[in-house]
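Protein chains: 2
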Amino acid sequence: MTELIFIGLGLNDEKGLTLKALEETKTANTVFMETYTNHMPNFNIEHFETLCGKKLQILTRKDLEEENGKKLLDAAKKGKTVFLVPGDPFIATTHITLRIDAKKQKIPTRIIHGTSIISTIISLSGLHNYKFGKTVTIPFADNFSETPYNVIAQNQKFGLHTLCLLDLRQPENKYLSIKEAIEQLLKIEEKKHQTIITSTTPAIGIARAGNDNPVLKAGFVKDILTFDFGAPPFSLIIPGELHFMEIEALLAFAQAPLEFRSLINEP
Amino acid sequence: MTELIFIGLGLNDEKGLTLKALEETKTANTVFMETYTNHMPNFNIEHFETLCGKKLQILTRKDLEEENGKKLLDAAKKGKTVFLVPGDPFIATTHITLRIDAKKQKIPTRIIHGTSIISTIISLSGLHNYKFGKTVTIPFADNFSETPYNVIAQNQKFGLHTLCLLDLRQPENKYLSIKEAIEQLLKIEEKKHQTIITSTTPAIGIARAGNDNPVLKAGFVKDILTFDFGAPPFSLIIPGELHFMEIEALLAFAQAPLEFRSLINEP
Numbered sequence: 001m002t003e004l005i006f007i008g009l010g011l012n013d014e015k016g017l018t019l020k021a022l023e024e025t026k027t028a029n030t031v032f033m034e035t036y037t038n039h040m041p042n043f044n045i046e047h048f049e050t051l052c053g054k055k056l057q058i059l060t061r062k063d064l065e066e067e068n069g070k071k072l073l074d075a076a077k078k079g080k081t082v083f084l085v086p087g088d089p090f091i092a093t094t095h096i097t098l099r100i101d102a103k104k105q106k107i108p109t110r111i112i113h114g115t116s117i118i119s120t121i122i123s124l125s126g127l128h129n130y131k132f133g134k135t136v137t138i139p140f141a142d143n144f145s146e147t148p149y150n151v152i153a154q155n156q157k158f159g160l161h162t163l164c165l166l167d168l169r170q171p172e173n174k175y176l177s178i179k180e181a182i183e184q185l186l187k188i189e190e191k192k193h194q195t196i197i198t199s200t201t202p203a204i205g206i207a208r209a210g211n212d213n214p215v216l217k218a219g220f221v222k223d224i225l226t227f228d229f230g231a232p233p234f235s236l237i238i239p240g241e242l243h244f245m246e247i248e249a250l251l252a253f254a255q256a257p258l259e260f261r262s263l264i265n266e267p
Numbered sequence: 001m002t003e004l005i006f007i008g009l010g011l012n013d014e015k016g017l018t019l020k021a022l023e024e025t026k027t028a029n030t031v032f033m034e035t036y037t038n039h040m041p042n043f044n045i046e047h048f049e050t051l052c053g054k055k056l057q058i059l060t061r062k063d064l065e066e067e068n069g070k071k072l073l074d075a076a077k078k079g080k081t082v083f084l085v086p087g088d089p090f091i092a093t094t095h096i097t098l099r100i101d102a103k104k105q106k107i108p109t110r111i112i113h114g115t116s117i118i119s120t121i122i123s124l125s126g127l128h129n130y131k132f133g134k135t136v137t138i139p140f141a142d143n144f145s146e147t148p149y150n151v152i153a154q155n156q157k158f159g160l161h162t163l164c165l166l167d168l169r170q171p172e173n174k175y176l177s178i179k180e181a182i183e184q185l186l187k188i189e190e191k192k193h194q195t196i197i198t199s200t201t202p203a204i205g206i207a208r209a210g211n212d213n214p215v216l217k218a219g220f221v222k223d224i225l226t227f228d229f230g231a232p233p234f235s236l237i238i239p240g241e242l243h244f245m246e247i248e249a250l251l252a253f254a255q256a257p258l259e260f261r262s263l264i265n266e267p
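Residue numbers (the numbering used here), protein chains in the order written: chain W, 1 to 267; chain U, 1 to 267.
One or more of the hints may lead you astray.
Chain U regions said to be covered by chain W (calculated; three or more residues, Cβ under 8 Å) [what the hints assert, rightly or not]:
(1) 19-29
(2) 70-76
(3) 116-126
(4) 135-145
(5) 152-161
Label pairs and their calculated CB-CB ranges [to be verified]:
(6) F244/U / E180/W: 26 to 34 Å
(7) K179/W / I58/U: 27 to 35 Å
(8) N173/U / L51/W: 31 to 39 Å
(9) L51/U / T27/W: 17 to 25 Å
(10) Q105/W / Q255/U: 17 to 25 Å
(11) I45/U / T2/W: 31 to 39 Å
(12) I58/W / K26/U: 29 to 37 Å
(13) T226/W / M1/U: 28 to 36 Å
(14) K106/U / M245/W: 14 to 22 Å
(15) T226/W / I58/U: 43 to 51 Å
(16) M245/W / I58/U: 37 to 45 Å
(17) E146/U / K157/W: 14 to 22 Å
Read the hints as simulated data drawn from the structure, not as lab findings.
In this text the structure is predicted, and so the values were computed from the model without any measurement.
Ideal placement from N, C-alpha and C gives every residue a C-beta, glycine not left out.
All chains, full assembly: derive it from the sequences and hints.
What follows is the structure, given as structure tokens:
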């Protein structure tokens, strides 16, 4: 049967897949995977191939972007084809064009969703989902942009939290660190003077969300800058107004200093 | 070993669990589950018990809220205890207090994240994640609130999309319909006259996100009001400014009318 199934790999390793995802992969004719939109350092390809009884074919950015996913679409025309994508397949916008191209070529598509970094970080932080504003990605310094600062400023105006995803450079597997991300924001602060990010702004750094040993550290920017988060991947939350219960969660699970209790009275 | 593991069940049925979640459940001493924060009509408890080889104990809202999760915390003190929660365990804020209570009672906790409705709806819609503003829940008419309208208005001011979760009433398993949700918004529009939600506002209704047969319908409010979405659960997106690629995705996968192409020139 002609079919292309986009499957989310979830986070961390091959055990992040759902039972449904494994079942569909087991019955596929051809199985492709990409690892360039996100890096999964703990994903054991051999173990996964044993689990699903299929050989994995890795697709590069070139395969998908320059050659418009020809290998994948050609396989899907011949039989049930699975395309494994880190996290959830369409939270990054990269593969939407591919799904539209499949439709144009009359290939039916389905999605098996996976655990996404977006909901995982919010869940792990103990902050309230409905208090997050727009999400932003902080790029490497050579792609320096004022957008992250402006998004944080806009969210703060409404008391909303900002989830900052930190950029990843592939194929080098180079991760932007929490320190580098904050330094970029401070640099824009120095220029704009809007008191959005200063050394005393509360922030929450998160390393290895979705892994067995995530590390969270809530504190003031000056503390987060010097904190050792260990191995990547990293994310950062700049909170807006904090609810009493959010502060208690940060004290219990994110090493927040007791001074965080006084943030509840801030405007 | 004294331990409480919060595990996300993911969406739809018992196959929505990750391999990691199943592995941890298999090796638990005691397994609890709650189904009141979200309804999983296709979850087959007997099949799940066979899969994990454990007997499931269902916890009610009373067990968790009035009795502060005593059953669960007492079990966790005696040995490895798993608590299964629909979606991701902490995207609803309900169980954060329980995790804090566990910590106060010196019970170590861990989280195995699951596929969340939040990322799933965004992924399914083909809209761009970083263009969503604050999320809101639309309550039943007897809990009528102007908040959803105001959140949509605030997001629209910045061109941002609004994800509207529609309320669920338990234990009756009563779902707010997309029609009822829109009617509430139109009622507030009638009073406020801010031209936020009118019969010609674009909207996207989504039924059964995360199931095998989700239905998406993009159109103008007047069309969405009369569309038959079939069985629940339901969600609604009120888009802000639409990018060219977002419109193409809605045309390909959400039955959007061709008139949507002209939205790209709107402010």
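ask   = So which of those numbered hints doesn't the model satisfy?
value = 2, 7, 16
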